[in-house]
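Once you've looked at the hints, dock chain B against the given chain A.
Chains as they are written, first to last, in the UniProt record's numbering: chain A, 1 to 468; chain B, 1 to 870.
Don't take every hint at face value.
Stated by the list, open to error - These stretches of chain A come out as covered by chain B in the derived footprint (C-beta under 8 Å, 3 or more residues):
| hint | region |
| --- | --- |
| 1 | 28-37 |
| 2 | 368-378 |
| 3 | 426-432 |
To be verified - Calculated cross-link-like contacts (lysine-lysine; reagent style DSS-like; alpha-carbon spacing at most 25 Å):
| hint | chain 1 | residue 1 | chain 2 | residue 2 |
| --- | --- | --- | --- | --- |
| 4 | A | 77 | A | 135 |
| 5 | B | 647 | B | 793 |
| 6 | A | 109 | A | 77 |
| 7 | B | 707 | B | 450 |
| 8 | B | 707 | B | 677 |
| 9 | B | 695 | B | 450 |
| 10 | B | 803 | A | 430 |
| 11 | A | 300 | B | 561 |
| 12 | B | 793 | A | 430 |
| 13 | B | 174 | B | 202 |
| 14 | B | 561 | B | 677 |
| 15 | B | 803 | A | 300 |
| 16 | A | 406 | B | 731 |
| 17 | B | 194 | B | 174 |
| 18 | A | 411 | B | 731 |
| 19 | B | 695 | B | 561 |
| 20 | A | 390 | A | 406 |
| 21 | B | 194 | B | 206 |
| 22 | A | 318 | B | 712 |
| 23 | A | 318 | B | 561 |
| 24 | B | 429 | B | 411 |
| 25 | B | 707 | B | 561 |
| 26 | B | 278 | B | 206 |
| 27 | B | 712 | A | 300 |
| 28 | B | 492 | B | 577 |
| 29 | B | 712 | B | 677 |
If you're looking for bench data, these hints aren't it; they were derived computationally from the structure.
A virtual CB, placed ideally from N, CA and C, is assigned to each residue, including glycine.
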Amino acid sequence: MAEYDLTRTIIPYLDRHLVFPLLTHLHENGLFAPEQVAAAQYELAKGTNMVDYIVSLYEQLNPDSEVPEEFAAKREKAVAINEQLQQEAQAVLDVIENPDVAQALRQDKNQNLTYLKDNYGLTLEQITALYNFGKFQYTYGNYSGAADYLYHFRVLSTDTDLNTSAHWGKLASDILTGKWDVALEELNTLRETLDARAGSTPLASSATPSHAEPLATLHSRAWLVHWSLFVYFNHPAGRTLLLETFLAPAYLYTIQSAAPWVLRYVAVAAVLSRRVQAGNAAAAAPISSRVRHAIREVVKVVQLEEYQYSDPVTKFLKELYVEFDFEAAQRELQLAERVVGNDFFLSEIREEFLDNARYLISEAYCRIHQRIDIADLSARLNLSPDEGEKWIVNLIRDTRMAADAKIDLEKNVIEIHRPALPIYQSVIEKTRGLSIRTQAVGAALSRTGQQQLAQPVQEQSAIVEGAR
Amino acid sequence: MSRFFRQAADSDSESSDSEESLLSSDEDESQSKPAAPAKPAMSRFLRTAHTSDSSTSDSESEDEDDDESEDDGVAHKESKPKSRFLRDSDEEESDEEVKRVVKSARDKRLEEMEATGRAIDNALKINDWITISSEYDKMTRMVQRQQNFAEPVPPFYIRTLISLETALNMALAKEKEAKKKMNASNARALTAMKQRVRKTVKEYEKEIRQYNERLNNEYATLAVPQAQGKPEVARRSVAAEGEDEEDFTRVGKGGKATQYTSEGIYKTLQAIQEARGKKNTDRADQIRILERLLDVAVTPYQRIRVLLALVSSRFDYNASIASYMPTEMWLSAQREIDCLIGILVENDSYSVQEITDDYDDLIERTPEGEKDGVVRLRGSIVSFVDRLDDEFTRSLQHMDPHGTEYMDRLKDEKGLYCTICRAETLYEKKHLHEPLARVVTRRLEHIYSKPDVVLTALESAVAAANVPISLSLASQASPSALIHTLCVHLYKSGNSVLRTRAMLSHIYHHALQNDFYTARDMLLMSHLQETVYSMDVGTQILYNRTVVQLGLCAFRSGLIKEAQSTLQDIFATQRVKELLAQGVHQPRFQTLTPEQEKAEKHRQLPFHMHINTELLEAAFLVSSMLVEIPMLASIDLEEQKRKAISKPFRRLLDFADRQVFTGPPESTRDHIMQASKALQHGQWEQCRDLIQDIKIWSLMPEVTSVKEMLAKRIQEEGLRTYLFTFAPHYKTLSLLFLERTFSLDRRAVNSIVSRMIWAEELPASLDQSAGVIVFHRVELSRPQQLAQILAEKVGAMVEQNEKALDVRLGGATVWGDRADGLKGDKRGEQAQERRRGRGERRGGVSARGARGGRGARFAQGLGSQMTKTR
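Isolated chain A, as found in the complex (with noise of 0.2 Å):
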């Protein structure tokens, strides 16, 4: 199973700290060697200021051996670092916590800063001392003190170069604290900010495009797609968003070229939006159709991508899809059951996977099949007939097929008549939502004949979002 592994190729696309949970993960499922795991671990950890954590480990690794002085000396200076950066900053944190500060503060960012200035005397570099501070706590492992005071920085400073870093942090924090809502969100803004900085630059309109720029924008998102794979398998609403999120052009493309085994991801989340679907169908939250059509949308990736990547979980997606290969599909999905359960990100939600993707190939095979051998059936989805049985009948219930599907248990066979669709309803179906589209394509029209494309990107997304 370890050639299915990808913590390997994760790891380049995160940063130091967040590695930790992976390789405890690996220490964890066995699948590599403990030593190798633990060297490992010391070797990340060495590049820390976790000194006492390097120290544990050290010892893990050598039991005979003297811990060696460095490690003291690191200490020290490291205490001695925390001692000083915590006085720059605290002066800061001082003026900030006061409560009239606090009130008179506002949007404006610049405002805010001459505010300062004018009235305690607080200069730009003062306020990057903050910034300093939050992230030196980061690097001896004080996750929510570095939350705490990139989040100060990042409201006062101007400086967008550091507001990014400080974004970074700040979600690698709330990740490593597992504050999921709070990095949600903070995952949000920087994406958002990501997008705004590349949108500023649009390809077409650059004569001479600089190299530099779109590979940043590239290797921002693609840091950016690994990241959010902590928050979103953690997130109760995460893989949904991560559907939302990935499959947006911008993302889908960095996916694409930078990194096409986060498909496997991808797919798991597809596989599982069924239920998602079915759980909010009734509270009647809009989904979108990005979300709706996961499953085709991800399929059609997998098979563009199937020649740069390929593992049991998209395999079992494009035997099912594309070739229609039933037994094929339950082999690779025992073999991606395996898989899914060794990682770090899925395994949780193993059980949930499994079900979902036998719901996959019973309603394929349904809607293929007419006249269905239950105990066949059953060893398709790797069930005994009596589990099968039940699992039909649980699967008839829960679905539209209610109506189609009858069980004959003599012959032991589901029978399924689906009348062709009337051809009223496959009107219906195609001319539904045509005058919406058109108001929005005249509302979008009036807007920009009043606005003279001021700013009429936003709007109309938003229209068009609305629309549907």
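Chain B alone, transformed into the frame defined by chain A:
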């Protein structure tokens, strides 16, 4: 004797000599200026002196001796005082000829001409003007031929002209005195001759004058030195003569240094440079002078200077764009560039740059004399290399690609490639990035379209020539790696045109290596589709070639749909050859101006780089067949049938349908059309045989695998077509029967049928226990059908509206997010864009692709309406 003849001859000489006469008239003007002739005259003398020394070929000189003695005899009898000069000049000139003679055919021509000359002389003696006239005609023709071969007019001809002129004058004078002596026809011939000779003399005025001048000079040498008006010339010629007489050896063994001091070299160089580009300069002559200067040049500085001048005058030699540089000339230019690069590589202290400080042309410069120890000279090696390469291409364009000459010429590519590599090392050493990038592009362009074997051969030639190049095949693992490194080098360069070309060449190479996915991804990521139509024509051609090669690559890899959609664009224009620069397009309604035609011809690719269009067409049509036939079978409404995926294919198919009688297939198209029909009727075996019989497949490198792939595709598509076509006639259909009929295994049949059911292409379902397909077909009534069509149309209209809005807002991504981010769709859009771009470029609305084109036009129409309403 005939006015006809005369006229014919006249017009002949006129037409062929028109250029010459232009030249000579110009020369008249310039000769009237006093300063100009002095220098060339001097150098001319020097030259003749040396050539007569250096001519060593015994047999030829013997030949001439014979001729001379005969000539002598004649001349002596005719007019005593002239004879010496005649012989003398004859000797000189023929020597000169000997020096230049390379082919024996040329000797023969000269001999022939001399024979004619003798005949004229003889006829003169007996006053037979009829014979003279006919012989003269012959001679003129020969001279013309001579000129056609780009050889100079032989002096011998001039001499005959002069003697004819004098004889004519004499004869006319006699005529006046004694009218009765001549018969009528003879007299007519005499007058005709008079006119003709007068005309020709006018044309060759310059040569005649030069000739006379030389005679005069020789007079001067013989007679008292200060004799005639031009003391300077006379003195120099004495010097030349004196040297000539003194001995041969002294000149040969470097005694020239005494005469050609370094100062002398620079003076001559300057003179040549001043004369350069003027109409009356004899380019061949200049080259000869420079060649000899090169022999005397000693210091590197001198050699570089002379080489720079020599190479540029070699390129000047052929002024017209219509023809190409003679091969020998090209070869020596190549050698000289090599030599020049060699000198520069060896001597670090010399550098040739396009922009330098001003320096005195007339003094010797050494590294020690310069500030930073580097002598900088004005010149550009990279443009020499460029020019050399261009001339090579041009010569290939002009040759018959099926002749041996072409093959021989192609062999020179090795040398050229070596030269390019040498230049690369030079620039690498000097760290000049801009010219280095240009040279690397040249190198890349020589290898990108070549199969590995040829590439390896070229590289080994470079290795054999001992070029110490850093990026050689030996240092890289494979040819692809070499191309990769070259391209990466170019990507880093600042020049965006070179970058684009490198990108396209890289993609082309990937496609050639059957690496479809990499090539496609690179093409899509480069975003060239959007910008290519604003680029220069050469890049557009390269782009077209790349796209076509990508299509072929997809075809070879069995990706039929991709192949079809890639090749579609270029075939929809119906001008494949033109777009690939493999043939000139003849527009139907207007004619091209000569300039356009010339430009068009100029950019044609040499034959060895062509992509076989017949193979291309076969690949396109076969993939269209595999895509289109099942689609045709799947739709049963007349209305929808008009929509075609591939218009060219559909047109052919309709044409084939209308044929009353079909014979056995002959052309590739016939094969494919009959195969399509067989496929339509479900006879996949026949279809397969027909397709596999196409002969042109043998041009593909992997014939057998391609054929197997095609057979498999035909089986599958045959099954699909069969199901589509005959589904209405069945209620159930056994899977076993399908397996047997299409000799596919169970899994494949199941997979295909399931896919069709899933995609709702086939209203049916599988009954697993009975192993049959059960069809649920619903017949639609007419109103129902119409309602459905209507609904579809309304949907399409809304879509068009949205597209129109997209266009108005500029860019598909701005408004809403309907671009669902799939490469396939993206390509469709881009292809459409490209097609539009091409239409604009050619300045006419060409046949646009089916839906895209209509959509675009529709969108444009709407756009204008919207602007009106606002």
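Comparing the hints with the structure gives:
no.: 1; hint: 28-37; in the structure: violated (count 0)
no.: 2; hint: 368-378; in the structure: holds (count 7)
no.: 3; hint: 426-432; in the structure: holds (count 4)
no.: 4; hint: 77/A to 135/A; in the structure: 16 Å, holds
no.: 5; hint: 647/B to 793/B; in the structure: 21 Å, holds
no.: 6; hint: 109/A to 77/A; in the structure: 35 Å, violated
no.: 7; hint: 707/B to 450/B; in the structure: 24 Å, holds
no.: 8; hint: 707/B to 677/B; in the structure: 19 Å, holds
no.: 9; hint: 695/B to 450/B; in the structure: 23 Å, holds
no.: 10; hint: 803/B to 430/A; in the structure: 19 Å, holds
no.: 11; hint: 300/A to 561/B; in the structure: 15 Å, holds
no.: 12; hint: 793/B to 430/A; in the structure: 10 Å, holds
no.: 13; hint: 174/B to 202/B; in the structure: 24 Å, holds
no.: 14; hint: 561/B to 677/B; in the structure: 20 Å, holds
no.: 15; hint: 803/B to 300/A; in the structure: 24 Å, holds
no.: 16; hint: 406/A to 731/B; in the structure: 22 Å, holds
no.: 17; hint: 194/B to 174/B; in the structure: 14 Å, holds
no.: 18; hint: 411/A to 731/B; in the structure: 23 Å, holds
no.: 19; hint: 695/B to 561/B; in the structure: 23 Å, holds
no.: 20; hint: 390/A to 406/A; in the structure: 14 Å, holds
no.: 21; hint: 194/B to 206/B; in the structure: 20 Å, holds
no.: 22; hint: 318/A to 712/B; in the structure: 21 Å, holds
no.: 23; hint: 318/A to 561/B; in the structure: 18 Å, holds
no.: 24; hint: 429/B to 411/B; in the structure: 28 Å, violated
no.: 25; hint: 707/B to 561/B; in the structure: 17 Å, holds
no.: 26; hint: 278/B to 206/B; in the structure: 16 Å, holds
no.: 27; hint: 712/B to 300/A; in the structure: 23 Å, holds
no.: 28; hint: 492/B to 577/B; in the structure: 33 Å, violated
no.: 29; hint: 712/B to 677/B; in the structure: 18 Å, holds
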